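J.: What follows is the residue order along each chain.
Number of protein chains: 2
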Amino acid sequence: MEGAALTRRGLLVGIGAVGGAGAMYAAMGALGLAPSEQDKQFAAPRPGDFSLSGKGAAKVVILGAGVAGLTAAYELGKAGYDCTLLEAREKAGGRNLTLRGGDRLAELNGPAQDVRFGEGVYFNAGPGRIAPWMVTLDYCRELGIPIETFVNNNAAAYVNTNGRTVRARTARADMYGYIAELLAKATNVGALDRAISKADQETLLEFLRRFGDLGPKHRYEGSERRGFTKYPAIDTGTPLDAPGTLHQVLAAGTGRAITNDFGYEQATPMFQPVGGMDAIVTKLTEAVGRDRIRTGAKVTKITNLADGVEVAWEGGGLKADYCIAALPPHILAKIPHNLGAQVTTALGTPIPVAAGKIGLEYGRRWWELEDRIYGGVTETDLDITHIWYPSHGYHSERGVLVGYYNTERNAELYAALAPEDRRRRALTQGKKIHGDKYRQNLLSSVSIAWDRQPHIQGGWVRWPDFDSSFTFLQRPAGRVYFAGDWLTHLIAWQAGAMESARSVVTQLHQRVLQSA
Amino acid sequence: MEGAALTRRGLLVGIGAVGGAGAMYAAMGALGLAPSEQDKQFAAPRPGDFSLSGKGAAKVVILGAGVAGLTAAYELGKAGYDCTLLEAREKAGGRNLTLRGGDRLAELNGPAQDVRFGEGVYFNAGPGRIAPWMVTLDYCRELGIPIETFVNNNAAAYVNTNGRTVRARTARADMYGYIAELLAKATNVGALDRAISKADQETLLEFLRRFGDLGPKHRYEGSERRGFTKYPAIDTGTPLDAPGTLHQVLAAGTGRAITNDFGYEQATPMFQPVGGMDAIVTKLTEAVGRDRIRTGAKVTKITNLADGVEVAWEGGGLKADYCIAALPPHILAKIPHNLGAQVTTALGTPIPVAAGKIGLEYGRRWWELEDRIYGGVTETDLDITHIWYPSHGYHSERGVLVGYYNTERNAELYAALAPEDRRRRALTQGKKIHGDKYRQNLLSSVSIAWDRQPHIQGGWVRWPDFDSSFTFLQRPAGRVYFAGDWLTHLIAWQAGAMESARSVVTQLHQRVLQSA
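First to last, the protein sequences are chains A and B.
The UniProt record's numbering applies: residue 1 is where the first sequence begins, and numbers increase by one.
The UniProt record's numbering applies: residue 1 is where the second sequence begins, and numbers increase by one.
Honestly, the hints are just simulated from the structure, not real lab data.
No experiment lies behind these values; they were computed from the predicted model shown.
Where hints are given, some of them may not hold.
One copy or two, either will do: identical chains are not told apart, so a pair holds if it fits within one copy or between any two.
Keeping only pairs whose Cα atoms sit at most 25 Å apart, straight-line, the calculated BS3-like set for lysine-lysine is [unchecked claim]:
(1) K334 with K437
(2) K437 with K283
(3) K217 with K298
(4) K437 with K185
(5) K198 with K185
(6) K431 with K59
(7) K217 with K185
(8) K431 with K298
Pulled out of the complex, with its shape left as it was, chain A reads as follows (with noise of 0.2 Å):
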């Protein structure tokens, strides 16, 4: 319960739902708020903005329908600002793309994949969860897209590490049995004396006892908490075999992967929209209007002027009041400009990251049928780095994988190889977790290597340090605003372009509000 903090937000998020922007920050100011908690807000433009101010919507231009850009379009739009959005690929969305059969994938420097996947089967090639704190589920809600789990943590999926396959419910029983029993034994021995009283050791200790499960005497044997060969039923069930020793249970090395979840990015539970990710540009784009968006359109130069902006694109220009250029950096950065040196430089400082996925399709879900995992991630230290089972369509007949999600050495490693050499390695790979089953029902696949990708080229990007050139992008050159997910804390996350989107749709509202 966050108490007072949360108390004015409350207030302030309801001034800015009843009365729009302009009396939300009216009243900010009269609650004596810094403008550095304006950020915390967002209230979205409203046509009764302008009637405080006599002025008039903008004229816009985005460059990037990806999701800081039809954000910032849909944001925009609601106060009638006059948005074109210029897309150089062939449709909006950007990395949120979900593949289905039909679709057809090109890649740099590689042949393009045709999606064959069945009716009914999809895999979210780019971002495929939101944690429940995160504006996208806002955006979710007010667009009417259905949701449901994404099931990020299983403990019936595997930790494979060091070439050895148990369940994550194995692998956390055993890290916590014996960390509780060694935690136990220095209590027990003294160690922890000056450190904390005994009455708190005693407190301690029926904690360890609960949290690894410990016998008498705070040993750890074993726990029915590691799973069974065969779960209790009529009997009391059979029992997986003993544990290993301390010696080879921290040999396993299955620590990464069993605090996976423990971090607020990807802490249980998570979600992902009913039948695609893409749900998400679908209903931004009808929201925004197909119309605005052109799209093929590649951007050859951006001019700041005095009294707009003018951005040229292959075969066509225009000429607006602001700009909002929703690119990736590492594609903004070749963009011709009179932005300024500061800018240039800026823009070559975030560092693009490798990123890839592979959708296997099989005809026959064994893994829920033999494994009983229904949804989740198995862990690995082999270059596949992942197994995503899928969170929907449990029990239905058919179903996608995704057999590698990998960033950075791995991704280059299968970015590298053609398509089928990519599946054949992921299955190789796979085989090592699953056995011999992972090769058989397969019946297509399709894979991604982002820095592949037209016009992305990249999974996402990495600040060196969040230094000064990402905070002066946070500020518009000119007439010119920056947006995407790398100008936030949130980077390879849709809620960055969200929160970007609407960072720079608060700017340039107050900016245009505040004209002479």
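Got chain A sorted already, so can you dock chain B onto it with the hints?
T.: Frame of chain A; chain B shown alone:
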């Protein structure tokens, strides 16, 4: 990977699927499987089984159309057994009870409640979740019941203990942080030198840094895993206040809550049928045939005969070849029978356990809108014990919270209250966690005290020991078989009822096949 065991079992299941139970039993003999291993397998009876033996399906009377009785009838029906189910209540399902607007819930020694929920809203008054390894999920698949995730663990839900409320993610981060710090400290002062090698200590310390998100010198100084007042976006966000001291964190008493999903029964993910748990009852009933279920039939006498079983109820009676008594033991114990003193004693051994739930219908899903809690459970040491947030209907208008789900003394406390007083008390308690909004926007409520449900009179039972009475009743008394979750190690789970039914069906079918 369970290797050999899985393979042999897979083979048998395959034989069972293709050749039916008769072929499978033969194969088990050929493989030299001990009889005890037969419990691990289930092959449903088939009409073809009789063609080998020259026998025919028998007539079976089943007492109780709860999940055990329905499952037995369903499986026997596959081979053409002539089953009649006698159900004392007004409808089938037993404790698998989903309440919707228009339903009326009777109560022993208490007023009936009219359920006033709006359209599309429901309340699983009995079982609410299914673990993926449970046979319940197989029935969902076989019966074509769509399933969805039941969120059983939510980092954003609260832990309310000793009068304080924190997010589960915060409680967990603090406990893990301090545990890791303490164990690192013990390691670094050499307290574990005799227990583990120096090399293993290094591996352990690396894990502890990750596990506790420790800072320099292995100190826990808080972590972004605790959550934020404002999550990162344009800036790095506003973290929560610093964690309490180790003493404060231990004194907070969150240990039980944060280990709640460690066991194999409660581990993430769990599942529920789409639209309400009673989809299982509906589909089983359809498969069995509605006309085979006689409701309002309270059994008054069970007579085992040399050539069959006679069952009498208020207003009728019938004779069948076999009987399956699928009633709670304490209900069955009250019915006169000629099955002998050992049966009477055994039926009197398990002790009914009180359990209660309240469904609170709100006109606004404030837990999603304001608390960003999408499904999951808040754990508390208040007498309400749990608050469940719905794992479906996200972002819709209405929603039903489970305002308490408690057992034993807490359940008895609420059971003794009138329905409006249960609601009042539940709201008073929930307000301590959620504040005033917990009492606002409430549209209606309905509460169940399972110990006061006619013909059920308990949430489930507890065996003082799983002693000879337990195993005795797993075998027939004459021609009378006993079935129910109470005869398994999955008490209080539908899977227990189903596994028990399968065991009885297997025994009965083998007997019929082998009978002279």
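J.: Hint by hint, note whether the structure agrees.
T.: Okay, the hints, checked on the actual structure:
no.	hint	in the structure
1	K334 with K437	neither (47 Å within a copy, 53 Å between copies)
2	K437 with K283	neither (38 Å within a copy, 32 Å between copies)
3	K217 with K298	neither (70 Å within a copy, 52 Å between copies)
4	K437 with K185	neither (44 Å within a copy, 46 Å between copies)
5	K198 with K185	both (14 Å within a copy, 17 Å between copies)
6	K431 with K59	neither (55 Å within a copy, 49 Å between copies)
7	K217 with K185	both (9 Å within a copy, 22 Å between copies)
8	K431 with K298	neither (42 Å within a copy, 56 Å between copies)
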